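Protein chains in written order, with the working numbering: chain A, 36 to 305; chain B, 36 to 305.
Check before you lean on any hint, since a few could be wrong.
Derived CB-CB ranges, DEER-like [to be verified]: (1) B:258 - A:120: 55 to 61 Å; (2) A:171 - B:239: 24 to 30 Å; (3) B:300 - A:149: 38 to 44 Å; (4) A:174 - B:66: 40 to 46 Å; (5) B:254 - A:247: 42 to 48 Å; (6) A:190 - B:290: 27 to 33 Å; (7) B:72 - A:200: 41 to 47 Å.
With a Cα cut of at most 25 Å, we get these calculated PhoX-like pairs of lysine-lysine [as the list claims (entries may be wrong)]: (8) A:137 - A:280; (9) A:99 - A:211; (10) B:211 - B:99; (11) A:99 - B:211; (12) B:211 - A:211; (13) B:298 - B:137; (14) B:99 - A:211; (15) A:280 - A:99; (16) A:137 - A:298.
Away from chain B, derived, C-beta distances all over 10 Å, residues of chain A [stated by the list, open to error]: (17) 57; (18) 69; (19) 88; (20) 122; (21) 140; (22) 142; (23) 150; (24) 190; (25) 236; (26) 244; (27) 245; (28) 248; (29) 253.
No lab work stands behind these hints: they were computed from the structure.
Here the structure is a predicted model, which means the values were calculated and not measured.
Note that CB positions come from ideal geometry on N, CA and C, so glycine has one too.
Listed below, chain by chain, are the residues.
Number of protein chains: 2
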Amino acid sequence: MDASNLAPSLIRMPTGCDVRRECRSGRFDGPTAGLAPGYVQGNLAILPRDWADDFLRFCHANPKPCPLLAVSEAGSPVLPALGAGLDVRTDLPRYRVWEHGKLVGSPTDVTPMWRDDLVSFVIGCSFSFEEALLQNDIPLRHIAGGCNVPMYRTNIATQSAGRFHGPLVVSMRPMKPADAIRAIQVTTRLPAVHGAPVHIGFPEAIGVSDLGKPDYGDAVPIEAGELPVFWACGVTPQAAIAAAKPPFAITHAPGCMLVTDLKNNQLSLF
Amino acid sequence: MDASNLAPSLIRMPTGCDVRRECRSGRFDGPTAGLAPGYVQGNLAILPRDWADDFLRFCHANPKPCPLLAVSEAGSPVLPALGAGLDVRTDLPRYRVWEHGKLVGSPTDVTPMWRDDLVSFVIGCSFSFEEALLQNDIPLRHIAGGCNVPMYRTNIATQSAGRFHGPLVVSMRPMKPADAIRAIQVTTRLPAVHGAPVHIGFPEAIGVSDLGKPDYGDAVPIEAGELPVFWACGVTPQAAIAAAKPPFAITHAPGCMLVTDLKNNQLSLF
Chain A
36 MDASNLAPSL IRMPTGCDVR RECRSGRFDG PTAGLAPGYV QGNLAILPRD
86 WADDFLRFCH ANPKPCPLLA VSEAGSPVLP ALGAGLDVRT DLPRYRVWEH
136 GKLVGSPTDV TPMWRDDLVS FVIGCSFSFE EALLQNDIPL RHIAGGCNVP
186 MYRTNIATQS AGRFHGPLVV SMRPMKPADA IRAIQVTTRL PAVHGAPVHI
236 GFPEAIGVSD LGKPDYGDAV PIEAGELPVF WACGVTPQAA IAAAKPPFAI
286 THAPGCMLVT DLKNNQLSLF
Chain B
36 MDASNLAPSL IRMPTGCDVR RECRSGRFDG PTAGLAPGYV QGNLAILPRD
86 WADDFLRFCH ANPKPCPLLA VSEAGSPVLP ALGAGLDVRT DLPRYRVWEH
136 GKLVGSPTDV TPMWRDDLVS FVIGCSFSFE EALLQNDIPL RHIAGGCNVP
186 MYRTNIATQS AGRFHGPLVV SMRPMKPADA IRAIQVTTRL PAVHGAPVHI
236 GFPEAIGVSD LGKPDYGDAV PIEAGELPVF WACGVTPQAA IAAAKPPFAI
286 THAPGCMLVT DLKNNQLSLF
């Protein structure tokens, strides 16, 4: 078979750059889960400069829920450390625009509302460590069930910074004990995408009274002989922004992440 | 204060070599737990050459319960990789001598019964990883309680090799969830001394029906909100030797380990 007879999509898997190009052109505006396998995806938060310093300190003080992959210069829409030619105004599938904590729009391009005081933050996302878990043959129930991971607000307070504060939000994955041990090893290598779990075994000890009623995402069943394993979640900074109600903010739309040129394997400590 | 006025024992902590010298001279014949902090201690098993090949294969096939630190040449009592001048016949506090699976003596020196077909095996011991756990401020209940760690025969079979077979024996340490996660990280770095846990959370899943009745060692209480964490244990090869009943064998007496010149920190993978 001659490779020139294959459709381009069969010759190679799409890269992060491919996904960004499709977003920028307007041809793609959906969730990015499973796209560009191997490439790091990130949460996006864009804030005015006079809120950005507090938020940067908030991320620094809470590295497990808010592992910062990159921060832009004020007014600059590029993040060269994450991708050649990357433009945060156009390269995500869809955005959410917030004013004083209220959702005011869900555009696919935020160029029209760009300002020269906006600072962009990209925060690591669980897609990266889930890929590593699947590569280690650790089943993930929410993926098997085709739903979102269940997430819970805990009774663990984040370290506040200026106007940003709030509870740690965690995601939960039920696992057999041997898989839980392996998952701790695998995610320990990945501090840039939430790292090792923050809790295992006793939901009520972290203020989660009913695993069947997640605060975000979808409930998943826990089988006999499985432990609930909890990771710090990127919804934590989103919830802190929502509570702080800055006059203006832009975030990614749920599930519509920034796909970068970084490879997940590059994030591994060892 | 002039250091020359201090007793030698106050000037520096004893080394592995110091402990071996005291054993060899007959001045010390007790348990080695807590002696020569920082130095690797090991389980000793000495078998005739015609049993040694099976045992070497048994250790190789079961690296978590039987992490081999060193194997001697047949007939040679030295193990230069573990210590300059180390002589396994004299350098442990106390031995056990076995004939056809029966205990026939507990001498402090096995030179009189040495044979030119004996092969010595030194197997890593949990003292090394417990030191690492304590350095990470993870409390160990059996140490706080001044008793032995509880150990259990599981329903997990070891990989048999020739005449050696039997169940995996595990040690159990109760831990708070955050400590359990940290303990998995810390012991993952130490595969030469049993490595990461083999189970967490559900004793019955590995055939342990009553944590209050250990097969070896002493029961310890588990508090509310704690998980039982199980590590592969060096009693596994001892039990396999006892079951195989070789015509002649020498082991360390319980708790009376070989103290080496290796440092625990040297064993850490990273």
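Exercise for the section: State, for the Cβ atoms of residue 72 (chain B) and residue 200 (chain A), whether the hinted interval 41 to 47 Å holds or is violated. Expected result: 43 Å, holds
Handout entry: Least C-beta distance from residue 245 (chain A) to chain B larger than 10 Å
Key = 18 Å, holds
Exercise for the section: Mind verifying the non-interface call on residue 142 (chain A)? Its CB should be farther than 10 Å from each CB in chain B. Expected result: It holds; residue 142 (chain A) is separated from chain B by about 41 Å at its closest Cβ, greater than 10 Å.
Practice task
Please confirm whether residue 57 (chain A) is truly not at the interface, meaning its C-beta sits more than 10 Å away from all C-beta atoms of chain B.
Solution key: Fine: 39 Å to the nearest Cβ keeps residue 57 (chain A) off the interface.
Problem - Beyond 10 Å from every chain B Cβ - status for residue 150 (chain A) - result: It holds; residue 150 (chain A) is separated from chain B by about 42 Å at its closest Cβ, greater than 10 Å.
Exercise for the section: Go ahead and decide if the range 24 to 30 Å is satisfied by the Cβ distance of residue 171 (chain A) to residue 239 (chain B). Expected result: Once the Cβ atoms are compared, 26 Å apart, the range 24 to 30 Å for residue 239 (chain B) and residue 171 (chain A) holds.
Exercise for the section: Examine each Cβ of chain B, and state whether all of them lie more than 10 Å from the Cβ of residue 140 (chain A). Expected result: Residue 140 (chain A) is indeed farther than 10 Å from all Cβ atoms of chain B, at 41 Å.
Exercise for the section: Mind checking the alpha carbons of residue 137 (chain A) and residue 298 (chain A) for me, to see if they're no more than 25 Å apart? Expected result: 34 Å, violated
Problem - 25 Å limit on alpha-carbon distance, applied to hinted pair residue 137 (chain A) and residue 280 (chain A) - result: Within the cut-off at roughly 8 Å; holds.
Exercise for the section: Over 10 Å to the closest beta carbon of chain B is the bar; see if residue 244 (chain A) clears it. Expected result: 15 Å, holds
Handout entry: Supplied distance hint 27 to 33 Å, evaluated on CB atoms of residue 190 (chain A) and residue 290 (chain B)
Key = 43 Å, violated
Exercise for the section: Please confirm whether residue 69 (chain A) is truly not at the interface, meaning its C-beta sits more than 10 Å away from all C-beta atoms of chain B. Expected result: 28 Å, holds
Violated hints for the displayed structure, listed by number in ascending order: 3, 5, 6, 13, 16, 25.
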